[in-house]
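Just need the whole structure built from these sequences, with the hints factored in.
Protein chains: 2
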Amino acid sequence: MAGAIDFYFDFTSPYGYIASEHIDALAAKHRRQVDWHPILLGFIFKQTGQVAPMQVPLKGEYSLYDMKRSARYHQVALNFPAEFPKMTLTAARGFYWLKDQDPALAHSFAQRVYRAYFVDNRDVGSTDVIMEIAAEVGIDRAAFAAALQSDPVKDRFKTENDRAIARGVFGSPYFIVDNEPFWGADRMMHLEHWLKTGGF
Amino acid sequence: MAGAIDFYFDFTSPYGYIASEHIDALAAKHRRQVDWHPILLGFIFKQTGQVAPMQVPLKGEYSLYDMKRSARYHQVALNFPAEFPKMTLTAARGFYWLKDQDPALAHSFAQRVYRAYFVDNRDVGSTDVIMEIAAEVGIDRAAFAAALQSDPVKDRFKTENDRAIARGVFGSPYFIVDNEPFWGADRMMHLEHWLKTGGF
Numbered sequence: 440m441a442g443a444i445d446f447y448f449d450f451t452s453p454y455g456y457i458a459s460e461h462i463d464a465l466a467a468k469h470r471r472q473v474d475w476h477p478i479l480l481g482f483i484f485k486q487t488g489q490v491a492p493m494q495v496p497l498k499g500e501y502s503l504y505d506m507k508r509s510a511r512y513h514q515v516a517l518n519f520p521a522e523f524p525k526m527t528l529t530a531a532r533g534f535y536w537l538k539d540q541d542p543a544l545a546h547s548f549a550q551r552v553y554r555a556y557f558v559d560n561r562d563v564g565s566t567d568v569i570m571e572i573a574a575e576v577g578i579d580r581a582a583f584a585a586a587l588q589s590d591p592v593k594d595r596f597k598t599e600n601d602r603a604i605a606r607g608v609f610g611s612p613y614f615i616v617d618n619e620p621f622w623g624a625d626r627m628m629h630l631e632h633w634l635k636t637g638g639f
Numbered sequence: 440m441a442g443a444i445d446f447y448f449d450f451t452s453p454y455g456y457i458a459s460e461h462i463d464a465l466a467a468k469h470r471r472q473v474d475w476h477p478i479l480l481g482f483i484f485k486q487t488g489q490v491a492p493m494q495v496p497l498k499g500e501y502s503l504y505d506m507k508r509s510a511r512y513h514q515v516a517l518n519f520p521a522e523f524p525k526m527t528l529t530a531a532r533g534f535y536w537l538k539d540q541d542p543a544l545a546h547s548f549a550q551r552v553y554r555a556y557f558v559d560n561r562d563v564g565s566t567d568v569i570m571e572i573a574a575e576v577g578i579d580r581a582a583f584a585a586a587l588q589s590d591p592v593k594d595r596f597k598t599e600n601d602r603a604i605a606r607g608v609f610g611s612p613y614f615i616v617d618n619e620p621f622w623g624a625d626r627m628m629h630l631e632h633w634l635k636t637g638g639f
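Protein sequences, first through last, are from chains A and B.
Heads up: the first sequence runs through residues 440 to 639, numbered per my numbering.
Heads up: the second sequence runs through residues 440 to 639, numbered per my numbering.
Note that these hints are calculated values from the structure, not bench results.
Here the structure is a predicted model, which is why all the values come from computation and not from measurement.
There is no bait here: all hints are sound.
Listed next, the in silico PhoX-like pairs over lysine-lysine satisfying Cα-Cα at most 20 Å (straight line):
no., chain 1, residue 1, chain 2, residue 2
1, B, Lys-635, B, Lys-468
2, A, Lys-597, A, Lys-485
3, B, Lys-507, A, Lys-635
4, B, Lys-635, A, Lys-507
5, B, Lys-485, B, Lys-597
6, A, Lys-485, A, Lys-593
Label-pair distances were calculated between CB atoms; the ranges are:
no., chain 1, residue 1, chain 2, residue 2, range
7, B, Met-628, A, Gly-637, 21 to 29 Å
8, B, Ala-605, A, Ser-589, 50 to 58 Å
9, B, Ile-604, A, Lys-597, 36 to 44 Å
10, A, Gln-550, B, Val-576, 48 to 56 Å
11, A, Leu-544, B, Ala-605, 47 to 55 Å
12, A, Glu-500, B, Pro-496, 22 to 30 Å
13, B, Ala-491, A, Asp-567, 40 to 48 Å
14, A, Gln-540, B, His-469, 51 to 59 Å
The beta carbon of each residue, even a glycine, is placed where N, CA and C say it ideally should be.
Quick look at the structure:
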């Protein structure tokens, strides 16, 4: 099987959420696997000197509008959260801890976190809520709570985030396949064309 | 006939150029006209506090790559200019002066300026080159030169640019139709879906 699609996303990113609802099916159609990598845009923006689009005059207002319309365009359910964005470090740390033990469970957890935020408007910035979500997908609560406090788990996330930056990741969603980078939910069409044609 | 599509673009914008090669056909398919409006991102970025993507670490490198790949994806000829970006105030001023007299000629001029820059790599920041391009599409050289020096022509551009900002335009290309805004060459698909469905 050809190489996996690396899928980088922040749990607070609406375009990342939209992509998360489509990327697995897109990949399967072209016999690729998807390797999910949560990142933290807050850290990345600080390192690259970026300003969140929502904070730019005119662009901010448009972006909020575009996020909602993009969800409709891509037929993804979205109830835009009243509190936006969220700092999603806990979810990201928990994800990698899970991934090392059970990648399929980590994937279910990630999808549930995204839907919890963008459909059910739960506070995914809260450690308690992340623990609840973990419990809902069958993760042992005590083990998860302990992991979140452990230094190796904290370091693991930091290493992953730094590695993403080293690979050029500066936004969410960001895909890399066959060393080809694609930024944005709107670039899934380019990505699909790439997979279909073997490069263009 | 339903309302026109307002098409805002900077002559130095690669994504604006890509859009310019497709927007007329897209509009015609849905029985709409296109009203072309050159703007200056330099002025708009200053007012909205934006930084050009090319100047952002990681994003800059990716953007250059994405511009070229987007041109291939949209099947638009592109020889990326060695000198980029350009300050295209002269072309924009000339366009509006022409538009008041002969909109079809202004349209030909605009397309030729875009191709001169993104295909033939001519220096569209130079007044001499803009005068040459004007002559090539049959514009009277002396009248054009005089117009470029006149205060009403300078004011006309400023008014157009300010009006664009007042309508929320913060990037290139930017489309407004039926009061619905679309930013980016990649949003032409949303725009087309909008025209097809009457809103979604």
